[in-house]
Amino acid sequence: MAKGQKWETRPLDFWNKAKELRAGWQKSIESKEKVVGQGNTFDLSFDWQAAFPAVTVIEDNPVGSMMQNKNEPYARKARLASEVRGWGREICGYQGNCWGAQFLGYIDDGTAWPDRKFVIPMPCVCDQHAKRGQQARDFENMPQWMADRLIYFGEYDEEREKPMLEHKVYCNYRIINDMERIFGQQFDEEECAKLMAGSKEVREYSREISYLMARTIPSPLSVKDLYSVYTIGGLTKIDPDATVQFWRMVRDEVKWRAENQIAAVGNEQFRFIEAHPPSWHYMKYYRYLEQYGAICLGSEYSHGAGSNYEVRPDGSIGLRVDKTYPDDMEMTTREDIIRVGSGALARPAGGFKTNEYIYRDRIVQFAQFMQADGALLAIWRHGVGCTLTRKEQAMYLRDAGLNVIHYEGSQPGDRTDLDEKRLLDQLDTWMESQGLRKVTE
Amino acid sequence: MDFKALVENRHEYAKAWKAKTGGKVLGWYEPYFPEEIAYAAGILPVRILARHYPDDVSDKWIYACCYPVRDMVNQFLKGRYDYVDGLVNVEGCQWMYNSWEVAVNNNPKLWNHYLFLPDHTDAPTSKTVLRSELNVMKGLMEEWTGKKITDEDLDRSIEIHNKNRLLLKQISEMRRMDRPLIHGAEMMQIVLASQLMDKAEMNEILEKFIPELEARKPGEDRIRLMLIGSETWDTELEEMVEAMGGDIVVDELDNGTSYYWNNIIPQKDRLMAIGLRYLGRPKNPIKDNNWRRRPQHIFELAEDYNVDGALIVKQIYCHLHGTDNYAVWKILRERYIPYHFFERDTTLPIEDTRLRLESFMNMLKPGLTHLAGWHKAYGE
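These protein sequence lines map, in sequence, to chains A and B. Under this note's numbering, the first residue of the first sequence is numbered 1, with each subsequent residue one higher. Under this note's numbering, the first residue of the second sequence is numbered 1001, with each subsequent residue one higher.
Hints listed in this document are in silico derivations from the structure and should not be mistaken for laboratory results. Do not rely on the hints blindly, as some may be mistaken.
[Claimed, not checked] Output of the computed footprint for chain B on chain A, the stretches with three or more beta carbons under 8 Å from beta carbons of chain B: (1) 120-127; (2) 166-179; (3) 377-390.
Quick reminder that beta carbons are idealized off the backbone N, C-alpha and C, glycines included.
Work out the full structure: start from the sequences and follow the hints.
Spelled out as structure tokens, the structure:
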């Protein structure tokens, strides 16, 4: 891109809709008419909870991040409430915040901590995810279900996949059946099939959005914009139809912006990627770097479904295709539906977390897809799952010609060890060493 | 027998074993590694232990606040484990995984394997997954060594390992005496040595050692302590406790009692039998993520070994023990077992630790009836 070039930029139309949907989600988790659980989409890749008449799920990560983002004194108080009861200082900040709030009995605005009735820790290679369910159940006796994130090295192996897939389906099947039995609510299989179709549509939109962000110069959307909405329908669970409509709206707007060269950052000169959640408590650095014309395109984490693009040896861009069940696969029983919903692979084909574990050099493919010039890789003292193999990824990126820096902090949901002044100084040096200057200078 | 020397001379031992047998040495990281299969293939499985040496190489490769794993990387990059032919990691602590993969990446000649052992150990399907993964590992080991692992090989290996665990437990039982014949430091050295030596040879040593042990005279009354928390790599802490009039009479460490607590129950399907032993062993924090079994196990050990108090010693920045501590504190408080918690690193800050231990042990002393000769009522 030509140095000093300027593009038109304008506010995002989907912004207000996103705010409205998030407000609706907040109301839903405070509802007394629903069975509220703590957990995630466990190993089903769609919003399974909506197939029950009145079940909703809260996920610790966005709740803990928001606590730290909105109210630093409260988040510190919550973590202290955890620590005095024996929880380590080095545990994930999301959990330290949420569990502390549970002990305190209220959240940062003074309202009561939303009561949970069950807990399902998300299966994940991250140890902290695997351990997170127990606190809720220790605090107040409630059902807990577990599953595994299944990992092996080497090529896809059908023989190894078979028992692993059965394990995955069994765990998911048991959760649904037990929930029916315990909460007396009927799981609606037809509704479930519809949810799966909707989820597939959303995945297509999110892939398209990733592609447009990555391949358009100037990028129509920065990750800062994406982070403002990207939990909608995923970690922030809302009505499934509203989810599909919202993401269609986002896709349409991003596409229009790309076609009309409407930039997220009007002076885009430098594109960089990250490798994991940012400091949710200090998002200012994105805007700070924009003064240098630097735009953050996100990470394998923020792009989820879109992180499986690759740059092929002939220079073409393509998706790594996951093994899937045929579209017309018959789904007559609950087991069929859960089997299809669990996916055709026991070991994920790649993407966030799996790549760091077994395909550490794929971050280079991601950077090439994003047409990135540099990488800003956070390393978190209290976030093993957010930091694993990061140093090695930095080496691969440097070898591929990217300009890489690290910064250090406690964890994306824990502000304790982040030195903001030092971070900004580092960023100035990073930018200036590449000949970039702030637009204000 | 000087077990401490066996641990300290572990590199020389493994090198000598290789020279004598021409066999392969396999390093392992996680205590959930089923050594039985490697041993059946004629391999010497050795536990990779952390030792701190000046480190100017690991930082480039790994960001881990957990120093033992960096110390392991340091040792590999500096060539201290140059006799190791292969490395295996079992699904468990993520920092340990990072340490393993850096060592492997830096030495492409190393045979390597990642064994998936479900974190959710309780599902009926967990055992079939593990059995399948053990079968894969067995096949890869056969390919690597060029030796077919027969049922007879597995039976022999299971027998040797079961015997080793039984002998260790037999010694451990002697710590239940009012005045144990063996103290915590020596016991831990024996357990560590068992993770480094040829098991058959170790069994012979232990069989000779047990009568010697039984012939010892009981020493003086000591404050009976339990050690809970992160794995240990040496016996500095146990020695310090002993120097101050205490004794670690039992531990709940992953590479302490948990290493030998349960045996393999033989069955026709040998791999299933091995898998069930590892799924059913005393849980470490990462494998105890469904129902909390670990706190109850800790309590039972404390009761059985009649402890006066517990030391919870956590590796600094160990996220897994950091997530379990709450439940451990809770059960000890509920059962009125005094405890002292502190964090340590690969190295032990001597004066700081000594002061903490002294305060804790002084606090315990006034209430201890056995220190006033109470045991004598039983004619000991």
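Counting residues of the stretch 377-390 of chain A whose CB is closer than 8 Å to a CB in chain B, do you get three or more?
holds (count 9)
Counting residues of the stretch 120-127 of chain A whose CB is closer than 8 Å to a CB in chain B, do you get three or more?
Since 5 is at least three, the answer is holds.
Please verify the coverage claim for the stretch 166-179 of chain A: does it have three or more residues whose C-beta sits within 8 Å of some C-beta in chain B?
Per the Cβ count (5), the hint holds.
Of the numbered hints stated above, none is contradicted by the structure.
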